[in-house]
Each structure stands twice: as structure tokens, then as C-alpha cells.
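K.L.:
Here the protein sequences come in this chain order: A and B. Using the numbering used here, you'd call the opening residue of the first sequence number 1257 and step up by one each time. Using the numbering used here, you'd call the opening residue of the second sequence number 349 and step up by one each time.
Note that these hints are calculated values from the structure, not bench results. For each residue, glycine too, the CB sits at the ideal point set by N, CA and C. Any given hint could be a false lead.
[As the list claims (entries may be wrong)] Estimated spans, in silico, between C-beta atoms of each pair:
#	chain 1	residue 1	chain 2	residue 2	range
1	B	W505	A	V1362	44 to 54 angstroms
2	A	L1447	B	E412	35 to 45 angstroms
3	B	L445	A	V1362	29 to 39 angstroms
4	A	M1401	B	S529	26 to 36 angstroms
5	A	L1444	B	R544	34 to 44 angstroms
6	A	A1436	B	G549	34 to 44 angstroms
7	A	E1393	B	D411	49 to 59 angstroms
8	A	L1444	B	E473	17 to 27 angstroms
9	A	Q1290	B	S476	39 to 49 angstroms
10	A	L1447	B	A420	48 to 58 angstroms
11	A	F1448	B	S529	12 to 22 angstroms
12	A	F1264	B	W379	29 to 39 angstroms
13	A	A1404	B	A470	23 to 33 angstroms
[Stated by the list, open to error] Derived pair list, reagent style DSSO-like, types lysine-lysine, alpha-carbon separation capped at 30 angstroms:
#	chain 1	residue 1	chain 2	residue 2
14	B	K369	B	K406
15	A	K1424	B	K406
16	B	K369	B	K400
17	A	K1424	A	K1388
18	B	K400	A	K1423
19	A	K1388	A	K1423
20	B	K400	A	K1424
[Said to hold, decoys possible] Pulled a few chain A residues facing chain B out of the computed Cβ check, cut under 10 angstroms:
#	residue
21	H1292
22	A1301
23	L1309
24	L1316
25	I1340
26	L1350
27	L1367
28	G1376
29	M1431
30	S1445
31	L1447
Spelled out, the chains give:
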Amino acid sequence: MTLIQLFFSFLYVGLFAIGGGYAIIPLIEQQVVQQHGWLTGVEFADILTISQLTPGPIALNCASFVGARLGGIAGSVIATFACILPACVVVAILALLYERLHNHPVWAGALTGLRGATVGMIAAAGLSLFIKVILAEGAASVRVMGTAFDPLALVIFFGALYLLRRKKLGTMTVMLLCGAVGVAGYFLSHLFGG
Amino acid sequence: MLDKLKEEHRVALPEKPAGGKRLSRLLELFWLTFRISAVTLGGGYAIVAVMKREFVDKRGWLDEREMLDYTAISQSTIGPTAVNASLLAGRKIAGTLGAAVAVLGSVLPPLIVMTFMAYFYALMEGSSLVRSVLAGMQAATAAVIADAAISLGMSVWRMGRVFAVVVAAVTFALATFTPISTSILILGAGVAGIIRVVAKGGAAR
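All chains should be built: construct the whole structure from the sequences, respecting the hints.
P.N.:
Spelled out as C-alpha cells, the structure:
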């Protein structure tokens, strides 16, 4: 991996991430995991989790972390600025044309399509992480038909979804609770599993 | 043509404060965006909400409608919402330099913090205790993303746009089951939206 490749990868990410935040995640995953193989799926899932836990925009946290992991401080700076460069140019232009574009039917039509695609991509990213998490080799994993399966992760996922949607708990509270459950599972499995 | 366009779409900039006053406003803007980005948990939307409190409610630098418009533009274009919003707000508050200062302020904290985090992660990733914390939190992250997809999906549904729901379902299926590149999916959805409007004779909305 060269820093130039890193720059262009994140320029691509910045150019196609429409709708902010979570929309950027599937693009980064596609670039650094699937296309270039710079990170493993597990590393990416960790990065996503840490980005979620740290203050600041998730998209930027994710880009900075991936850049730093791949190319140190230079990598971090390059990934972050490449990621926001297309948006800064486009938004500056839009600011000048806003009133006209805002009500233009073609623009509105494109946005309707784009919003739909964003929802679909985010759902796909969520599903891919969900599968990764429940099939991981965790402390509480069991073997089912030759593959690892983590029932604890499955319980945590649905518990977290319930707390977020029904109890309206904050993201941070839910994340910390789930981390604590993960640790408890680790100690319990050591206690009983030897 | 360009002059006419400029005339029609002139954005009223506040009178630029001269000399020292201008410098102090730029510094204040930088410090505010830096601080907001450094301490606000919960990503883009949360950051825009705090910006509204600081820029509109506390300082009166922008009015409510402007902040709403900026949020809408930020969400419906490319790039991170928080950065886009700070660019637009910064431009309105202190001109082009203000935009640059506000973007820099939003970007620096994640850059610094995450670079440190990457080093810590490299030190800790072998530990099975850390692994188990991350495993629990990863399941929560999957739930957070699912929650976002459900909420956004419902808002698309509520807007009564069957079309957007169909696009969401098709995009989801293609992204999950085929190796088609994300950029093609996104561009395709935008083009489909334009074709739909044009086919209806531009009357849709």
C-alpha cells in the first residue's frame, strides 16, 4: 500500500458517501477490506466499534483510524483530508446555487433515489456486521456444523436493539452495557470452562 | 449569465467585522467547532444539534431557518454531515476563511484522537480480555446500525415514496448478494430517481 493509493481510496469514499455517517461505512469497508485487503474483517469491525465510542463524526473517526492503522500519522492525515475534499468542493458550490437547486424537480428526483439507496446500503452494512459478530470465535462460542457460533453475541444484539428502539437509551449507554456483558461472558466462561 | 445567477442567488453575508474583531471571531469559531467535534458523542446528527445551540441559540450568528437549510444540504450531499454543516455555517458567519477555519476545527479532534487510538489498539488487540469487551460492543454496533437503518427506512416509508422503498430494497439485495460496486449502486439510484421525474414530465414532487 502506498500513501497515494490510500489518498485515492478515500477520495473515492468521500465522493460516493451520500447521507453522512453510516452511509460512509460500507464504502470504507468495500475499499479497505474487499478491494485492497489492507485490513481483515475483524480489524474493520473493531475500528467501527471504536469509532462509535469516540466523540466526533463517525465517518471521520473511521477514516482517521483506518489511515493511522495503515500509514501512521501521514496516513491518518491523508485519509481524513481525502475523505472530506470532494464534499468541501461540492458543498461550497451548492451553497452558491442552493435556492435554485432546492426546488428543482430533477434534483429532488435524484435525491429520492439516493435516499432510498442510502437506507439499503446501511441495512446491508448492518447485516454484514451482524453475521460477522454471531459467527465469531468468542469466549462463549460453540461449534455448530463446523462453524463457530456465538449465542452471547446474538443475545447482546437483540438486547441492544430492544434498548435502543423501545427504551430509547443513548448509544453510549448501550455500547458500554454491552461491553460489560462481553467481559462478564469472558469471566464466566473461564470460571466454568476452566 | 453568471452575473445574473450571482445576483439571483446572492447569499447575504453578515458585514465582515474589521481587523482585530474579525480575527477574534475566527478564533472563536475555530475553538467552538473544535470543542464540539472533540466532546460530542453520537456522530453527525448530534453534532449538528449542538452547533444549532451554540450558533443559533447562544450567539445569534445564524437564524433557525438557515441552520435547518444547512442541515438539509449537509445530509443530502456527499461527505460527513458534520463537516458539511460546519463549512456552510462557517461561511455564513465569517466568509470563506470562516468556512476553512470551521472545517479545520471539526476535523482536527478526530484526527488527533483516532491516531492515538490506532496506536493503543495495536498494543491491545492481542489481549483476550480486550477482545471480549470489543466483541460485546461489536454486537451493540450492529444493533446501532440496524436501528439507524430501521429509523431511516421508516422515514422514507412515511414520506409515502414507494419508489424510495423499492430502491432501498433493491440496493440492499444487490449490495448483499452481488459484488456490484457501491458507487454504481448509488449512481444508479440517483439516475433512476431522475428518470422517474422526467418520465412524469417533471411534474412530480
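K.L.:
It remains to establish, for every hint, whether it holds in the given structure.
P.N.:
Evaluation of the provided hints:
no.: 1; hint: B:W505 <-> A:V1362: 44 to 54 angstroms; result: violated, 24 angstroms
no.: 2; hint: A:L1447 <-> B:E412: 35 to 45 angstroms; result: violated, 56 angstroms
no.: 3; hint: B:L445 <-> A:V1362: 29 to 39 angstroms; result: holds, 34 angstroms
no.: 4; hint: A:M1401 <-> B:S529: 26 to 36 angstroms; result: holds, 33 angstroms
no.: 5; hint: A:L1444 <-> B:R544: 34 to 44 angstroms; result: violated, 54 angstroms
no.: 6; hint: A:A1436 <-> B:G549: 34 to 44 angstroms; result: violated, 58 angstroms
no.: 7; hint: A:E1393 <-> B:D411: 49 to 59 angstroms; result: holds, 54 angstroms
no.: 8; hint: A:L1444 <-> B:E473: 17 to 27 angstroms; result: holds, 23 angstroms
no.: 9; hint: A:Q1290 <-> B:S476: 39 to 49 angstroms; result: violated, 28 angstroms
no.: 10; hint: A:L1447 <-> B:A420: 48 to 58 angstroms; result: holds, 53 angstroms
no.: 11; hint: A:F1448 <-> B:S529: 12 to 22 angstroms; result: violated, 47 angstroms
no.: 12; hint: A:F1264 <-> B:W379: 29 to 39 angstroms; result: holds, 33 angstroms
no.: 13; hint: A:A1404 <-> B:A470: 23 to 33 angstroms; result: holds, 25 angstroms
no.: 14; hint: B:K369 <-> B:K406; result: holds, 19 angstroms
no.: 15; hint: A:K1424 <-> B:K406; result: holds, 28 angstroms
no.: 16; hint: B:K369 <-> B:K400; result: holds, 23 angstroms
no.: 17; hint: A:K1424 <-> A:K1388; result: holds, 25 angstroms
no.: 18; hint: B:K400 <-> A:K1423; result: holds, 26 angstroms
no.: 19; hint: A:K1388 <-> A:K1423; result: holds, 26 angstroms
no.: 20; hint: B:K400 <-> A:K1424; result: holds, 22 angstroms
no.: 21; hint: H1292; result: violated, 13 angstroms
no.: 22; hint: A1301; result: holds, 5 angstroms
no.: 23; hint: L1309; result: holds, 7 angstroms
no.: 24; hint: L1316; result: holds, 4 angstroms
no.: 25; hint: I1340; result: holds, 5 angstroms
no.: 26; hint: L1350; result: holds, 6 angstroms
no.: 27; hint: L1367; result: holds, 5 angstroms
no.: 28; hint: G1376; result: holds, 3 angstroms
no.: 29; hint: M1431; result: holds, 5 angstroms
no.: 30; hint: S1445; result: holds, 9 angstroms
no.: 31; hint: L1447; result: violated, 13 angstroms
Checked against the numbered hints above, the structure violates hints 1, 2, 5, 6, 9, 11, 21, 31; every other hint is satisfied.
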